[in-house]
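Chains as they are written, first to last, in the numbering used here: chain A, 1 to 415; chain B, 1 to 415.
The set of hints was computed from the structure by calculation and includes no laboratory data.
Certain hints may be false.
16 Å max Cα-Cα, derived EDC-like pairs, lysine to aspartate or glutamate [unchecked claim]: (1) A:K344 <-> B:D311; (2) A:K221 <-> A:E191; (3) A:K108 <-> B:E366; (4) A:K60 <-> B:E57; (5) A:K37 <-> B:E13; (6) A:K39 <-> B:D46.
There are 2 protein chains.
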Amino acid sequence: MPTIAEIISIGDELLYGQTLDTNAHWISGQLDLIGIKVKRRITIGDVEEEILSAFEEAEKRADIVLITGGLGPTNDDLTKPLLAKYFNVGFKLNASALDEITKLFESKGREITEPNRKQAELPENCTKLTNKMGTAPGMWFEERNTIFVSMPGVPYEMQEIMTSEVLPRLSEKFFSGIIIHKIIRTVGIPESTLAEKLIDWESNLPYPIRLAYLPSMGQVKLRLTAIGEDKKRLEDLVQEQVALAIPLIEKYVYGFDSDELEKVVGDMLLKSNKSIAFAESCTGGYLSHMVTSVPGSSAYFKGSIVSYDYDVKVNSLQVNKVEMEEKGAVSEEVVLQMAKAVRKHLNSDIGISISGIAGPGGGTEEKPVGTVWIAYADGEKTVAKKFNFSKDRILNIKFSALAALNMFRINFSSN
Amino acid sequence: MPTIAEIISIGDELLYGQTLDTNAHWISGQLDLIGIKVKRRITIGDVEEEILSAFEEAEKRADIVLITGGLGPTNDDLTKPLLAKYFNVGFKLNASALDEITKLFESKGREITEPNRKQAELPENCTKLTNKMGTAPGMWFEERNTIFVSMPGVPYEMQEIMTSEVLPRLSEKFFSGIIIHKIIRTVGIPESTLAEKLIDWESNLPYPIRLAYLPSMGQVKLRLTAIGEDKKRLEDLVQEQVALAIPLIEKYVYGFDSDELEKVVGDMLLKSNKSIAFAESCTGGYLSHMVTSVPGSSAYFKGSIVSYDYDVKVNSLQVNKVEMEEKGAVSEEVVLQMAKAVRKHLNSDIGISISGIAGPGGGTEEKPVGTVWIAYADGEKTVAKKFNFSKDRILNIKFSALAALNMFRINFSSN
Chain A
1 MPTIAEIISI GDELLYGQTL DTNAHWISGQ LDLIGIKVKR RITIGDVEEE
51 ILSAFEEAEK RADIVLITGG LGPTNDDLTK PLLAKYFNVG FKLNASALDE
101 ITKLFESKGR EITEPNRKQA ELPENCTKLT NKMGTAPGMW FEERNTIFVS
151 MPGVPYEMQE IMTSEVLPRL SEKFFSGIII HKIIRTVGIP ESTLAEKLID
201 WESNLPYPIR LAYLPSMGQV KLRLTAIGED KKRLEDLVQE QVALAIPLIE
251 KYVYGFDSDE LEKVVGDMLL KSNKSIAFAE SCTGGYLSHM VTSVPGSSAY
301 FKGSIVSYDY DVKVNSLQVN KVEMEEKGAV SEEVVLQMAK AVRKHLNSDI
351 GISISGIAGP GGGTEEKPVG TVWIAYADGE KTVAKKFNFS KDRILNIKFS
401 ALAALNMFRI NFSSN
Chain B
1 MPTIAEIISI GDELLYGQTL DTNAHWISGQ LDLIGIKVKR RITIGDVEEE
51 ILSAFEEAEK RADIVLITGG LGPTNDDLTK PLLAKYFNVG FKLNASALDE
101 ITKLFESKGR EITEPNRKQA ELPENCTKLT NKMGTAPGMW FEERNTIFVS
151 MPGVPYEMQE IMTSEVLPRL SEKFFSGIII HKIIRTVGIP ESTLAEKLID
201 WESNLPYPIR LAYLPSMGQV KLRLTAIGED KKRLEDLVQE QVALAIPLIE
251 KYVYGFDSDE LEKVVGDMLL KSNKSIAFAE SCTGGYLSHM VTSVPGSSAY
301 FKGSIVSYDY DVKVNSLQVN KVEMEEKGAV SEEVVLQMAK AVRKHLNSDI
351 GISISGIAGP GGGTEEKPVG TVWIAYADGE KTVAKKFNFS KDRILNIKFS
401 ALAALNMFRI NFSSN
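When you get a sec, could you build the whole thing from the sequences and use the hints?
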């Protein structure tokens with residue numbers, strides 16, 4: 001019998017359609033990785049009887065109940081008092097929690113407030129879970145057969161508490177078998193085309209390997225899972241199948257497991273001691289943001305010129321005005337000039353440029369919304385490519401940045 | 001008594017953390033607009049007993065049960081057979097559904113397949129709901145006190161069926177009253193401090209106004225809700241309370257309802273016909289991305305220089321090398337130079353600059369990770385401010401960009 005979990009998300013704002021609950025989704029994925037099965041998720045509002053009855057029902061069905069939300073310092077936050085009521089216990093000031101909250105305030109040069117001090121008062125029967133990111137501590141209740149865990153609803157706070165405090169405890173307590181996951185990461189190929197290329201391989205996957213396609217924007221991840229007792233055997237089995245799959249889809253594979261494309265690109269640059277700079281038009285800085293979200297990117301990222309305005313293209317990038325007027329800012333000629341210019345001006349080994357029509361306005365019959373030119377220049381090689389993405393502004397921005405990173409991956413050679 | 005709805009989302013892929021369920025969220029928002037209260041949402045897998053027990057429990061609690069998912073043509077889709085089983089009825093070919101499915105295939109130049117033909121067989125006791133976007137018809141069951149509605153899980157199919165078929169029926173049947181929502185948006189003040197400033201106001205809120213604090217990264221939204229019969233009276237009541245609250249928190253309020261801060265900033269620039277440019281260091285392009293995610297931002301956004309590298313600060317922004325060596329790149333002096341320089345180089349009315357230590361590396365005792373300087377320059381006024389954010393790289397990037405927009409909001413004057 002697998003260990004069964006239920007997730008309870010609490011908050012009126014979730015039920016009014018105001019806030020999209022991504023917490024339950026994230027938690028589900030994390031529990032799946034350690035073999036804990038989420039059988040049910042429940043979302044309820046800040047209403048006493050609803051919350052108490054959800055606790056009661058979940059306790060009957062599950063080994064673990066994970067609760068998010070309702071831990072703020074204001075009066076509409078009911079989770080903590082209701083957990084105390086549910087377990088029929090009083091409150092106690094948790095000295096370590098108070099210390100953590102006080103330090104958090106000190107680090108921001110502020111004094112702790114009374115509502116925040118009260119956040120350190122916890123139900124007597126719980127173990128405090130440290131919240132490094134905020135003022136509401138997590139709580140762990142283990143006095144009955146079902147474990148209750150309460151965490152704040154702010155996603156990054158919850159994720160930190162899950163990662164540092166909850167998952168290690170759950171893993172130790174419930175997970176005895178071995179689960180092997182291997183993720184193959186692809187970019188630049190749609191899910192259905194990928195599935196077609198892999199159809200024979202997939203139908204011959206041996207027991208106990210399971211395959212899942214995990215599509216996300218512009219990328220598809222293939223997750224192989226094997227559950228059993230013998231770690232070495234499972235790892236070998238998975239590795240064998242990965243080795244069979246790769247040649248079928250080689251040029252789309254950019255990494256494995258948790259490798260993000262921007263991290264892979266950064267590692268390629270680091271390894272060959274090369275630097276990069278961008279000239280971004282329609283992506284408006286998003287490509288630079290992706291690359292600089294990787295810690296340590298200052299070792300290879302020189303900077304960017306976000307040339308949104310026509311004049312910035314002419315003055316800061318010295319794009320030829322006549323050519324831009326003739327061919328338009330979204331053209332092979334201009335994007336090539338931009339890549340070469342940013343490489344020169346910011347003194348980098350590689351220059352990448354993007355110019356396109358993100359929309360909703362600005363499209364023409366010849367160049368509709370979603371038309372994007374991307375160029376790569378490294379001093380020896382210069383490549384430009386045209387893409388036709390979507391009608392949606394935000395999607396076009398994100399697809400373009402991803403395609404630019406992929407163009408680097410394909411064209412960069414470390415020599 | 002308000003009309004009560006429950007939403008049941010069905011699908012294994014939701015519980016593994018594979019697919020993020022946005023359907024329940026979207027449905028909640030739509031029902032809220034016609035005064036139907038979602039009291040609970042449940043997510044379960046493709047498991048017969050789970051599905052049947054969810055139907056049974058929901059029927060006891062709710063007037064309306066909305067179900068998404070499990071209507072595909074494959075064998076793991078259980079919703080339709082289980083609805084028939086639940087109501088104890090057989091299947092009947094629905095001629096109109098068959099016609100619609102056949103036409104959908106014809107429009108794509110394809111012949112209808114056998115599994116798709118079977119999708120036109122519906123439980124005898126249901127009303128078919130036309131699905132213009134796909135092959136799985138929606139179903140409406142009204143023979144008991146609780147209405148059951150079943151829809152496909154593909155978001156755009158579900159949304160189309162909700163909009164054309166379900167919401168008009170529900171609206172006619174259940175909605176007579178009026179709901180008024182008003183959201184006050186704040187930035188630069190933590191939830192607890194905001195709550196302290198509003199404590200007296202909050203405790204004097206008259207019936208039937210309810211208040212909710214909705215915190216998200218660096219921002220807190222205050223939502224006032226009033227339900228009743230007399231629209232004018234409710235609107236006046238809410239407006240009165242908003243007018244009382246604003247003076248208590250005025251400098252933190254940047255907008256109302258769906259106004260995003262980057263949109264508010266853009267509108268301020270548009271209205272006064274002024275342009276802006278950024279010099280970003282630690283935010284690496286994220287501030288530019290925020291501003292350019294707003295459609296039409298090319299009217300006021302000139303561009304940015306992302307000066308990650310030391311030399312880019314010196315060459316492209318002409319920051320004084322001696323001063324930078326003396327004071328460090330993260331200093332009042334350098335950030336002021338950057339704001340003035342980008343304003344000049346990109347020929348904009350306003351320049352904003354950010355220089356800080358995003359982390360995880362690069363911190364010192366004097367300037368720990370999270371130290372960020374932001375400057376604003378408009379030709380007459382020049383302001384710089386130091387912030388201490390967090391230990392987390394991504395949070396520091398996002399907090400900094402938000403603080404920069406807020407600094408613009410506070411310092412910009414349209415004259």
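TODO: Any hints from earlier that this structure breaks? Give me their numbers in increasing order, please.
DONE: Hints that this structure does not satisfy do not exist here, as all of them hold.
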